[in-house]
Amino acid sequence: MWRNGRKANARHARLEREWARLFRYACALTRDRERAADAAQEAALRVLTARSEPAEDPAYRRWLYSILRNLLIDQGRRQQREQGTPAPEPADWRFDERALSAITVRQALEQLPAAMKEVVVLVDLDGFSYAEAAALIGVPAGTVMSRLSRARAMLLSIIGGANIRVLPIRHAASS
Amino acid sequence: MPHRADQSPPSDWETLNAFADGELAPAEQRVLAERLATSPETAERLRGIVRLKQELQGLPADGATPPLPVRSGPPRPRWQRVAAIAAALVIATAVAFTPVLLRRDASGSFVTVSLAAHEQFASAPAQPAVAIAPAAASPVTNELARLGLQPIWQATSASGQVRIGFVGARGCRLSLHVSPHDEPALAPTSANAALSGWNAGGRGYLLIATEMPQARFEMIAGFIKALTSEPADKVEPLRTALQSEWRSAQPCLA
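Those sequence lines, one after another, are chains A and B. For what it's worth, this note's numbering labels the leading residue of the first sequence as 1, then goes sequentially. For what it's worth, this note's numbering labels the leading residue of the second sequence as 1, then goes sequentially.
The set of hints was computed from the structure by calculation and includes no laboratory data. Keep in mind that this is a model prediction, so the values were computed, not measured. Here a beta-carbon is modelled for each residue, glycine too, at the ideal position from N, C-alpha and C. Accuracy of the hints is not assured; some may be wrong.
[To be verified] Just so you have them, the derived chain B footprint on chain A, three or more residues with Cβ under 8 Å:
{"no.": "1", "region": "19-25"}
{"no.": "2", "region": "37-45"}
{"no.": "3", "region": "105-114"}
[Stated by the list, open to error] If the Cβ cut is set under 10 Å, some of the chain A residues that face chain B in the computed set are:
{"no.": "4", "residue": "Thr49"}
{"no.": "5", "residue": "Ile67"}
{"no.": "6", "residue": "Ile73"}
{"no.": "7", "residue": "Gln75"}
{"no.": "8", "residue": "Val123"}
{"no.": "9", "residue": "Ser146"}
{"no.": "10", "residue": "Arg152"}
{"no.": "11", "residue": "Leu156"}
Between the sequences and the hints, there should be enough to build the whole structure, so can you do that?
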């Protein structure tokens, strides 16, 4: 029993290390902090009461995220309709480095369609590889690559459009 | 500044992003590196991607992260779990409780076990109404049924705790948990659910709802508390107010 108690403590501590990231991912999927908290906590309960868990950290993280994601899919809480939102053509923008700040980046991130935000969170914020993110989402790696590049183009476009441009952002066609 | 018009197709943009992410094969990396050396436009784009990645990675937490749920007790040995399941099935059959969605945890407090049971009830698909056992049937059940909250689940534990799950016409789910003896006052809890607990007539009561607007939950809790602890003349105004609120109630959040 003592050994089981220590094991439970270790599992809790391990989950606690990933907790903030897991919640952020839930926020990205739901776009609603209350629902995200609901889902993340339910996922946590499943994790804590699971009979076993992956030993390796990368596999453990994928497992955590997939539990949360599947839970949200089961609940029908994802806004799948946003997946088809068109992104601007990458050639349309010239980024102004001074416009990049935590505030503008966060605001821009919030404006992304859920499917795009998800890949940004997985790859840029949580450090998953394309293959890992693809396995988690259930799409080919090429889709992650495409979705991520469109998401970044959209982010940069939003950031560029949301700020006072202190530098010209477009070059003349003849330049 | 030398400038070369860049008519990159989207696939080049994808490739550039993959380069920034270290996702290109070595041969592709070499090709792109050569291009970067000769195309300031491409280099500028890459710099933008890298800066964006840096900003994203450096984003501080957006608001408070909710607390991690309370740690569950250590898992019991397999034979104990099997025995517990068997015992639960026997109890369920004996009292014709269908379905029984009770998570037993002998080491948990009334609140902890009730929350776990509610969680299972709230996440389970709606079941047909079941016969209410005499122990569970009460003025409370009947009053809630008149308001449109139908009891669809009930369970009892070996220690005599009775749980009844209700679902409303608008999808709201709440559960009432009754302990056969007084329970300690509710401590502040981090549970992501609305809770209300009280003692009356030598019993402990706990009402739980998730996804329900707080104001409506508090009205229901106040009404049930009055039903179990106040004379009829104190209950009537609450009943009237609740009926009025019920007519204009919005669907639950789930």
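Outcome of the hint check:
1. 19-25: holds (count 4)
2. 37-45: holds (count 7)
3. 105-114: holds (count 3)
4. Thr49: Interface hint status for threonine 49(A): holds (5 Å vs cutoff 10 Å).
5. Ile67: 13 Å, violated
6. Ile73: Where the cut-off is 10 Å and the nearest Cβ of chain B is about 14 Å from isoleucine 73(A), the hint is violated.
7. Gln75: Where the cut-off is 10 Å and the nearest Cβ of chain B is about 8 Å from glutamine 75(A), the hint holds.
8. Val123: 7 Å, holds
9. Ser146: Holds. Min distance 6 Å.
10. Arg152: It holds, given that the least Cβ distance between arginine 152(A) and chain B is near 6 Å, below 10 Å.
11. Leu156: This hint holds: leucine 156(A) lies near chain B, its Cβ roughly 6 Å from the closest one there, short of 10 Å.
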